[in-house]
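Fit the two chains together into the complex; they arrive one by one in their own frames, and the hints show the way.
Below, each chain spelled out in residue letters.
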Amino acid sequence: MKHRHLIAAGIAAALLGVSACGSSNDAPTGNNQAASQPKEITIWLMNGSAPDSVVQAVNKEFTAKHPGTTPKIEIQQWDGIQEKTTTALAGNTPPDVLEIGSTLVSKFADSGGLADLTGKKSDLGGDSWLKGLTEAGTLDGKIYGVPYYGGVRAVIYRTDMFTKAGISSPPTDLASFTAMLDKLQKKFGADPKFSALYFPGQYWYAALPFVWDAGGELAVQDGGQWKGALDSPQAQAGLSTLKDLVTKYSKAPVNGNENDNDPATPMGEGKAGVIIDNGWKVGVITKAHPELKGKVAVFALPGKSPGTTAPVFLGGSNLAISEGSKAPDLAYDWLKIMAGTTAQTQLATDGGVIPNSTNLLNLHAKDPILSVFDAAAKNSRSTPATPKWANVESGTILQDMLVAIFSGKSSVADATKTASEAITKTLNS
Amino acid sequence: MDVLDTGQPDVDSALATTTVGAPLGGAPTGPARRHRRRAGHLLPYWLLLPSVVVLVGLLAYPLFSLVTTSFRRLDLRQLIRRQTIWVGTANYRAILRDHEFWVVTLRTIVFAMVCVAATLLAGTLVALLMRRLGRGMRLLVSVGMLLAWATPTVSAATVFKWLFDEQYGVVNWLVTELTPLDWSAHSWFDSKWPAFFVLGLCVVWQAIPFVALTLYAGLTSIPEEIYEAATIDGAGAWRQFWAVTRPLLRPIFLILISLSLIWDLKVFSQLYVITRGGPSRSTLLLNLYTYNLGFGVSRFGVAAAAAVIMVVITFIATAFYIRTMIRVGEEAL
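If you read the protein sequences in the order shown, they are chains U and R. Taking this note's numbering, I'd label the letters of the first sequence as residues 632 to 1060. Taking this note's numbering, I'd label the letters of the second sequence as residues 264 to 596.
You may find that some hints are simply not true.
Cut-off 20 angstroms, straight-line C-alpha distance, at most; resulting in silico cross-link-like pairs (PhoX-like, lysine-lysine) [stated by the list, open to error]:
| # | chain 1 | residue 1 | chain 2 | residue 2 |
| --- | --- | --- | --- | --- |
| 1 | U | K824 | R | K529 |
| 2 | U | K824 | U | K814 |
| 3 | U | K879 | U | K824 |
| 4 | U | K1019 | U | K715 |
| 5 | U | K935 | U | K902 |
| 6 | R | K455 | U | K1040 |
By construction, these hints were calculated from the structure, which means they are not laboratory data.
Just chain R, with the same shape it has in the complex (with noise of 0.2 angstroms):
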């Protein structure tokens, strides 16, 4: 860094004087190769170009255009005839004043922190069950990984839904007949926990492989002398796992911490297949809570608001995270 910044107002003012002193561009062979030196000094702009162009259409206008329908008064009918009425902020109001807002949002918080808690847990187990297992075993383990993260999340709802159906489900026929309990009939979605019990089930299922690999392939970047060190010092699993292994990969864990809760804060598509929000709005979440404001009773502006306040707790929620993340990264370099 230091070499090229003591270099740079040497190029920049030869570049200024060549491009007034030669508009039309020269054949000598000095300016022609700062010319170079330059293009070499915009490339990396032009190659992330692509890229700020497409964030900027999937996400900058987007959240924009969710900020600024938050302060509209949209309706079916103002959607329809596309008409623009500023509210100020009384859709905020609305939703502040709603009661099952809060109810909601303190769900929201609880099972997706209970989420990524046993997400973590089952993916810690997993890659270090990945470590020990040999060649054959551990390919098997992570093919089956890759294809349950692969699986399309409505799918997969789709799948857990069914094995967990009162009447044709698997898991009642296996529970019916392996033990004394008769659940030929049993229902998991006619009260609150069950339901829930399904579909954390099913978002954790999904979550492990993305945890579990990261983190296997954190683990392959410890050398085994340091395991070998504790080993001989007397440490057993457990004390090698939390004296060694844990502060060693503590970088990855706090990226899939936050990662897993931003991703658990917005789970939609298994809610919507599984419970809909039911029995009786017991299941609801935040983003689903959002979708029945808006596709629901057609109060677009209404839900926007309650989308952008969705925003601002996932953001407060893992700015912790990031913080420590971007001082873990500094004292790395």
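Chain U extracted, bound-state conformation (with noise of 0.2 angstroms):
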């Protein structure tokens, strides 16, 4: 008898095989689980995020755990991330997890592709947490992202270039920021490609610093609604003071966008004064010319008044879990394995980023470059917390709005304008 229910059982398993297909989230149940435990599971991080020594020791302690199970590890480009993402999460199988950047969580978790990690908090450690990467990965209160680790750009320059410029110690208000690089032009200027500020004119992460220092936002929440705040006086006038610098200073293509015509590639060269960047890219500049090492330092970008720094952006990613994910348990533990104390020590020494712990956050605290990076962190902000902020990036909103004011193609107030209402009907779309 018992031989015939598993026949019929069997029989039954297979016409319905074709269908099963199809849904997937039939979790599986008692001794199945043991048999169809997925021999991988697939991890999506981004390029440059994590070295490989971190990747590998977090694989290492999870195939302790899950001897039967292999971490994939793919990694993605950040050009055109959200399309491929936005493919792979409405594919049959999406990876497992996902490094997702902080400002596209909430839209990945708004539609439904993300899992809901909320009741997990406590386990991760979450209280101590980067309080702006866990925003980013909220959305209505609950957790889809959790902080993976967090970036800020800073002024990087180059000493013997400061050295032969005349310039001894770095600039501390706006002013001076100006004054510098007025030296850095003059003494290297001769060479038409030389720029002493390198700002390629899509670059808007770097361009945000300026905005918010001088008192503007991006948009601004009125009774549940949003409306873009670029055109307020305040962001007009950050944008002008940012167009005189990038007009007079700059010979990056106005068209161009960070990651085409990065900006490490002209300060490796000679062929740049400052430029914007993340903490990691001092390293790209120093591994693609060995001679310039210890050559290469940082400064906050000061701020309008003196002794400030200007707000930075606070960029960096959260690890999330896919909803379609056909081994959730699994996904989980690799994640928790990398968000937890020893992968990111590992992570903020060999990578240079900010952890994700305020409790990590002295680990640089004797690393002259590193340390400057983690303190611009204190002063950082992020773009508005609305799944529908992802648009205004993949619109180009911001990037169209820099080009037509650098190209002197429109004035900062009509082309404000314009980006206003786009962000204000992308918001509210």
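What follows is the structure in structure tokens.
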């Protein structure tokens, strides 16, 4: 009798097999779990986020716990990542764990593509998470993205070039920042390709500090409605300041972006006086030009008033588990190891990024470069907290505005008005 | 045809009796021979089957899916949760109300027409040149063109982007070296027209080989005597082309124009690589506009509606040529 039941069940299973492919949410039960434990889980990490050493250590710890499962790491490029993530989450076999840029988490959470991890917060040590990244990973009070690492931009320069130009100490306000650029321009400006400040026109992450420092905002929320705010007098003033700097000191392509026209390249070649970039770019420069080791230094972007620094954009990433993951428990175990103290300590030391926990912020205290970035992170901001913000990014609204301003095609007033209207429309659509 | 047609009824009626009378198939030689005739009769359809299957799979189904999607609300949420929400013609109304859609559509049509004209002109000139060239040079030109044609579009576009790079591009370097102008930091992509120029150049460059080689193949079919006669009648080069070559190659020209128009209306890869619609959306063409709606802001239903409209536009733009082409084809028979 038992056998007959089994056979009947087998036939039923075979008949249902085809349709079962479509619905994958049925949780495996009982003894089946061990048998159906996947041989592999897929993890998407972004290019440049975690050094190999960290990933290998995490994988080693994971396979020690789950000998039957191999974590498969797939490195993704930032360029076009929204499209790729969309396609992957909509497919039948999405990656189990994904690194998602902090400003994009709410978009994918809102669509139902990411698993709700609210219940796991204390298990993951969520009380000490960085505030900005926690907010970025939260939507309507629920956590979908676990803080992974943070990154801010600061001013990167070469000490050998500063010495030649006769600059003894980093500037302390915007006026002395401009004076510093003048000195660089005077010393190296004979080269027509030299930029005292190398600033590709679409580089909106680096433009935000100028808006915020002048008291401007990207968008403001008013009674449940969002309103683009780049046309405020403050934001316009900040962008005018930046326009003056860019048109006077930058030879970078006005219609270029920071990926195609990586500021680290001219910096290494001596064609850039200063650049505004992430901490890990220091390593990019010295890797391409080993002779510059020890000659690349940083300071926080100064603000308008003396002694202040401009608020910078807190970038970084969160880790999420896809709602369609076939092995959410295994995915969670991998994520927990990566978000845990050991891996985060190594990530901060080897990778030079800001770790996800305030408990670990002292790791860089003795590092003259990384400590600057950590300090800058204390005065950091993020983009408006709405799932629609990602559409502002993919709609290239800010990039279009900056290009229009820097190229002189539009006045600051007209360009910011157009952008603000587009942001209002996008955030409320 | 006539012979076959008159023979047909006999075969069919014979077959009918055979199948009814001897369902299990028989040894007699008569029916077996007729069976072969029947297999021969169906053979063309069997041979067509694989391509029909491929066409249905690759063309009909996606088109069907596109049209149904255009009547659905399909944002990221619906896509990931696999929800089907029908919204009637709302997507079409949203598209047609969008001012930018009309600007982009007009721009796309003008861009395609300019590219087609440039391609046809350059392609014809190359084909005429090849006719005059010696064997060795002709081979060299053919191979060169095949290489240009065989280059993957994305690679070609990337190369063009680098050629015209404002700092490291060879074009700016050449201009600076060879002329008194200092273009060492001249930007090709900061304003609309230079950006369109580079884009168009890339599109045309890769479209010339097909046009030139096809026209050259056509040219070789025109007997030399006709040109000799024309020369004796006192016709110059231009007159010979206009009065002899053009009318004789008219069917080929029509096919090339309609194919080029279809290709240039749906330019995407080059645009995506070279300008991505910038600066400030001024080089945005219909295909990229649709892509941005779909993958950019995740409004796949609206994007599908835009794509359907684009199919219709392409169809209208080429219908005239297809009609003429068919008529020319009938005349030729």
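Status of the hints after comparison with the structure:
no.	hint	in the structure
1	K824/U x K529/R	violated, 37 angstroms
2	K824/U x K814/U	holds, 16 angstroms
3	K879/U x K824/U	holds, 13 angstroms
4	K1019/U x K715/U	holds, 18 angstroms
5	K935/U x K902/U	violated, 27 angstroms
6	K455/R x K1040/U	holds, 11 angstroms
Hints 1, 5 from the list above are not met by this structure, while the remaining hints are.
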